[in-house]
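**Student:** Sequence:
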Amino acid sequence: MSSDQTPEPARERYNPAVREAHWQQVWDNRSTFKAPNVDKRPKCYVLEMFPYPSGRIHMGHVRNYAMGDVFARYKRARGFNVLHPMGWDAFGMPAENAAMERKSHPAAWTYANIAAMKKQLKSMGLSLDWSREFATCDVAYYHQQQKLFLAMFAKGLAYQGTGRVNWDPDDQTVLANEQVIDGRGWRSGAIVEQREMPSWYFRITKYADELLDALSTLDRWPEKVRLMQANWIGRSEGLLMRYALAGPALPRAKRWSELEVFTTRADTIFGGSFCALSPGHRLTLELAKKNRELQAFVEDCARVGTAAEDLAKAEKLGFDTGLRASHPLIPDVTIPVYVANFVLMGYGTGAIFGCPAHDQRDYEFATKYGLPIVPVVVPHDADPATYALAGAAYDGPGRIANSGFLDGLSIEAAKAEVASRMEALKKGKRRTMYRLRDWGVSRQRYWGCPIPIIHCADCGAVAVPVDQLPVTLPNDVTFDVPGNPLVRHPTWKHCTCPKCGKPATRETDTMDTFVDSSWYFARFTSNTSNDPVDAKAAKYWLPVDQYIGGIEHAILHLLYSRFFMRAMTATKLLKLKEPFSGLFTQGMVTHETYKGRDSQWLLPAEVRVEGEGDHRRAFEMATGAPIEIGPIEKMSKSKKNLVDPDDIIASFGADCARWFVLSDSPPERDVIWTEAGVAGAGRFVQRLWRLVEDIAVKAADPGATRPASFGPQATALRRAGHKTLAKVAASIETLRFNVAVAHIYEFTSELQSAVPKSEPGMEWALREAIELLVHMVGPMMPHLAEDCWARLGYNTLLADQPWPAVEQALLIDETITIAVQVNGKRRDELTIARDAADAEVEAAALGLAAVVRAMDGKPARKVIVVPQRIVNVVV
RNA sequence: GCCUCUGUGGCGGAACCGGUAGACGCGGCAGACUCAAAAUCUGUUGUCCGCAAGGACGUGCCCGUUCGAGUCGGGCCAGAGGCACCA
Numbered sequence: 005m006s007s008d009q010t011p012e013p014a015r016e017r018y019n020p021a022v023r024e025a026h027w028q029q030v031w032d033n034r035s036t037f038k039a040p041n042v043d044k045r046p047k048c049y050v051l052e053m054f055p056y057p058s059g060r061i062h063m064g065h066v067r068n069y070a071m072g073d074v075f076a077r078y079k080r081a082r083g084f085n086v087l088h089p090m091g092w093d094a095f096g097m098p099a100e101n102a103a104m105e106r107k108s109h110p111a112a113w114t115y116a117n118i119a120a121m122k123k124q125l126k127s128m129g130l131s132l133d134w135s136r137e138f139a140t141c142d143v144a145y146y147h148q149q150q151k152l153f154l155a156m157f158a159k160g161l162a163y164q165g166t167g168r169v170n171w172d173p174d175d176q177t178v179l180a181n182e183q184v185i186d187g188r189g190w191r192s193g194a195i196v197e198q199r200e201m202p203s204w205y206f207r208i209t210k211y212a213d214e215l216l217d218a219l220s221t222l223d224r225w226p227e228k229v230r231l232m233q234a235n236w237i238g239r240s241e242g243l244l245m246r247y248a249l250a251g252p253a254l255p256r257a258k259r260w261s262e263l264e265v266f267t268t269r270a271d272t273i274f275g276g277s278f279c280a281l282s283p284g285h286r287l288t289l290e291l292a293k294k295n296r297e298l299q300a301f302v303e304d305c306a307r308v309g310t311a312a313e314d315l316a317k318a319e320k321l322g323f324d325t326g327l328r329a330s331h332p333l334i335p336d337v338t339i340p341v342y343v344a345n346f347v348l349m350g351y352g353t354g355a356i357f358g359c360p361a362h363d364q365r366d367y368e369f370a371t372k373y374g375l376p377i378v379p380v381v382v383p384h385d386a387d388p389a390t391y392a393l394a395g396a397a398y399d400g401p402g403r404i405a406n407s408g409f410l411d412g413l414s415i416e417a418a419k420a421e422v423a424s425r426m427e428a429l430k431k432g433k434r435r436t437m438y439r440l441r442d443w444g445v446s447r448q449r450y451w452g453c454p455i456p457i458i459h460c461a462d463c464g465a466v467a468v469p470v471d472q473l474p475v476t477l478p479n480d481v482t483f484d485v486p487g488n489p490l491v492r493h494p495t496w497k498h499c500t501c502p503k504c505g506k507p508a509t510r511e512t513d514t515m516d517t518f519v520d521s522s523w524y525f526a527r528f529t530s531n532t533s534n535d536p537v538d539a540k541a542a543k544y545w546l547p548v549d550q551y552i553g554g555i556e557h558a559i560l561h562l563l564y565s566r567f568f569m570r571a572m573t574a575t576k577l578l579k580l581k582e583p584f585s586g587l588f589t590q591g592m593v594t595h596e597t598y599k600g601r602d603s604q605w606l607l608p609a610e611v612r613v614e615g616e617g618d619h620r621r622a623f624e625m626a627t628g629a630p631i632e633i634g635p636i637e638k639m640s641k642s643k644k645n646l647v648d649p650d651d652i653i654a655s656f657g658a659d660c661a662r663w664f665v666l667s668d669s670p671p672e673r674d675v676i677w678t679e680a681g682v683a684g685a686g687r688f689v690q691r692l693w694r695l696v697e698d699i700a701v702k703a704a705d706p707g708a709t710r711p712a713s714f715g716p717q718a719t720a721l722r723r724a725g726h727k728t729l730a731k732v733a734a735s736i737e738t739l740r741f742n743v744a745v746a747h748i749y750e751f752t753s754e755l756q757s758a759v760p761k762s763e764p765g766m767e768w769a770l771r772e773a774i775e776l777l778v779h780m781v782g783p784m785m786p787h788l789a790e791d792c793w794a795r796l797g798y799n800t801l802l803a804d805q806p807w808p809a810v811e812q813a814l815l816i817d818e819t820i821t822i823a824v825q826v827n828g829k830r831r832d833e834l835t836i837a838r839d840a841a842d843a844e845v846e847a848a849a850l851g852l853a854a855v856v857r858a859m860d861g862k863p864a865r866k867v868i869v870v871p872q873r874i875v876n877v878v879v
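Residue numbers (my numbering): 5 to 879.
Bear in mind the hints are in silico, worked out from the structure with no lab data behind them. Mixed in with the good hints there might be a few duds.
Unchecked claim - Straight-line Cα separation of at most 20 Å, EDC-like style, residue types lysine to aspartate or glutamate; simulated pairs:
| no. | residue 1 | residue 2 |
| --- | --- | --- |
| 1 | Lys123 | Asp142 |
| 2 | Lys228 | Glu241 |
| 3 | Lys829 | Glu846 |
| 4 | Lys599 | Glu624 |
Required output: the full structure, derived from the provided sequences and hints.
**Tutor:** Written out as structure tokens, the structure reads:
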């Protein structure tokens with residue numbers, strides 16, 4: 005600052021509260037972000053996972069939508085026709101819970117929440133095409149979903165089957181797996197039962213191979229998510245084979261004469277010392293009819309909950325059926341047949357052969373019941389004659405031993421040999437098994453999409469004719485008693501069979517809400533179509549180019565959506581395999597926690613923090629009482645470590661909130677919300693605004709003629725500007741927003757220090773620089789950027805301006821500074837012409853005083869010159 | 001148990017293909033402005049030795065490859081996440 009400057013008048017601070025509302029109105033009025041379905045520009049579909057309308061947005065939403073918005077605005081500036089829609093994942097249990105607790109109707113509760121959250125989202129200044137908005141509970145949406153269901157039903161992709169479900173006996177309903185916590189219903193706390201009951205399924209297993217194999221084509225997905233999906237699908241190659249059964253207890257019917265088991269370790273059959281049936285196996289149930297003890301054992305097994313930890317710790321228990329099994333390849337040997345609690349009904353055939361030496365579970369079981377443990381795979385470095393197990397099963401590599409004709413073979417060769425022989429004998433066949441199960445979509449709930457099926461005593465499950473769709477939810481329902489209101493509604497379920505006209509009943513199950521979210525992104529392309537999707541619009545917009553959301557959906561939602569696109573392709577509704585060509589999973593927003601008296605959690609807004617570092621102390625504002633500062637955790641209602649986006653937007657502005665959540669951490673990692681960080685972002689808002697005002701006075705007019713030449717400082721500013729522009733663009737393209745922010749900060753400082761400088765071309769360079777800066781900030785702080793744009797003398801919208809072009813020549817410096825090392829240690833640096841010859845660089849490097857000193861009089865043995873990078877002198 | 005990821009100043013984090021480690025932000029320290037404060041601006045800030053010039057050390061630990069390693073390879077340690085009686 006020059007000392008002769010007269011004191012500046014107090015400046016007006018930038019007022020986000022007023023300005024942000026203004027620009028939101030302007031964008032709205034001009035339909036700036038409306039995306040046409042027919043357009044010459046290349047398309048870009050940017051989507052964030054749509055929210056559940058809980059009533060209020062949280063900081064996780066702010067972070068998610070801020071990221072998507074930066075990308076969408078940037079792509080728009082880059083000349084793309086950008087589709088950036090928003091909607092509501094609106095069916096689900098919370099609305100019914102609210103109905104039970106406060107006697108409101110789920111629809112009223114949901115739509116009120118949507119209105120409130122929409123207002124909040126609007127205050128964020130997102131570049132959304134609101135004309136495409138819908139909620140999945142809109143009749144118009146679930147009408148189309150019912151058509152989809154029927155198309156899948158007709159193709160055999162939706163079917164009714166029986167299967168085990170999680171049944172909450174208090175709430176009288178099925179729960180999703182994720183709603184069962186430690187074996188108890190998350191709401192009622194009742195111990196969840198496993199029940200066999202009719203349920204609707206989607207045949208996702210039909211696509212198991214395809215869903216697995218296509219993962220390799222998703223090169224813009226995080227590796228982590230692809231791995232999780234691959235594990236979930238869980239393909240394993242093995243052998244189905246049949247043991248002959250014998251024994252006095254064996255039922256007479258021919259179907260019980262053989263036991264089919266599945267194994268991935270056919271090489272170890274000679275080590276098999278028992279067979280085991282699942283408690284749910286049909287043979288077990290058949291045997292239990294005549295065996296009370298077995299009956300009791302089966303019941304005991306069923307009582308052990310589904311909680312994963314319980315299972316892992318549970319003791320291996322078995323019940324000897326008295327039957328004997330013999331393997332067709334092993335003459336004269338029979339092994340006992342047990343029912344064992346660790347054999348799953350849902351995988352393979354529900355029966356196994358146990359090889360204790362090479363499977364830890366079997367090892368524990370055999371130890372408990374005194375069964376033989378014979379090693380048949382010997383590690384390569386061990387002697388087969390003396391090899392013994394070290395107190396646990398061995399599942400590593402080795403050679404086959406103690407196995408007759410398999411001895412000496414490798415594991416792989418032995419597997420192949422056994423498979424071939426079993427196939428030749430017609431006693432076995434190679435088979436690929438999957439962990440993936442068909443998707444059970446029935447929910448005994450009111451607030452969901454009704455399954456459009458009519459049950460007729462004569463005709464069975466009959467599709468509701470398309471002209472009778474939609475099957476709408478009745479409004480006059482009660483929630484005063486547990487259970488499904490659709491079942492007890494006096495009239496709703498009663499109807500006539502569309503086939504025979506006799507009295508029939510409607511299906512009262514509704515669909516899992518994950519069905520709703522499996523195709524909503526396709527509906528956004530044509531949200532008023534009379535078909536689920538308009539084929540042309542879907543073809544133009546899909547797949548989603550960039551999808552952004554939380555890692556918690558890595559499997560369920562993302563796998564279901566991949567299945568749905570294949571199902572919709574099979575039913576000729578569209579033609580697409582993969583819904584999301586680019587996926588990004590962002591981290592959570594965290595905050596430290598505060599615990600007051602009586603271990604009550606306190607909101608950050610109720611707490612005052614003093615001091616720094618280790619001396620930080622927190623006090624409850626209302627009482628002044630000291631409070632314990634707890635660990636940093638994901639913002640959650642239970643820990644009350646929540647910061648309300650409304651409060652932040654009201655006091656700092658949406659731009660500040662967006663800037664902060666983008667700036668502090670890499671987007672895939674968790675970001676810690678700190679008051680200091682937000683204040684820092686707020687300072688930058690004001691600083692940028694002051695800078696624009698300063699430069700607006702001093703810089704050249706908009707559109708001024710470019711000077712013929714620039715002084716060195718003006719050139720340096722121009723170089724910095726264009727380099728930053730290139731780096732910011734590259735960072736946004738790769739969603740590295742924190743890096744983009746850092747480059748912008750750095751350039752802002754350079755620009756700020758250039759303002760007082762006076763030089764040929766500086767006024768023009770200043771205008772160019774500030775405009776570049778405003779463009780770069782635009783996607784992140786769109787309101788402030790519009791104001792800056794206007795302040796710089798434009799009456800257009802920045803949102804309509806193209807992204808500035810990088811002047812390539814400015815990215816290349818004439819002189820560069822490179823490091824000079826002696827024996828790999830940096831000793832000095834060298835500033836030299838960019839195109840200097842290696843010999844010239846070497847000579848200059850060897851002449852540096854620090855280099856001479858470090859060489860200590862010794863001759864250079866070797867000098868490595870990496871052009872424009874580094875010089876390393878080896879002595 | 002299996003699979004995956006992550007480890008860099010006081011803190012969040014940068015670092016293209018192996019080439020000046022610590023950009024940028026937060027915090028700290030010093031200064032300017034002010035009667036004072038706020039706001040703002042400037043400088044400084046990895047550790048150790050040194051008045052300084054300068055030097056030594058430094059990206060979880062150990063080993064290796066290389067003229068050169070935060071980056072590549074091998075072996076550990078720690079933390080986070082996913083799956084979990086899946087035969």
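**Student:** All hints, please: hold or fail.
**Tutor:** To see whether the hints hold, each was checked on the structure:
1. Lys123 <-> Asp142: With Cα atoms ~19 Å apart, lysine 123 and aspartate 142 stay inside 20 Å; holds.
2. Lys228 <-> Glu241: Between lysine 228 and glutamate 241 the Cα gap is close to 23 Å, so the pair fails against 20 Å, i.e. violated.
3. Lys829 <-> Glu846: Status holds; Cα separation ~16 Å.
4. Lys599 <-> Glu624: 9 Å, holds
Hint 2 from the list above is the single one not met by this structure.
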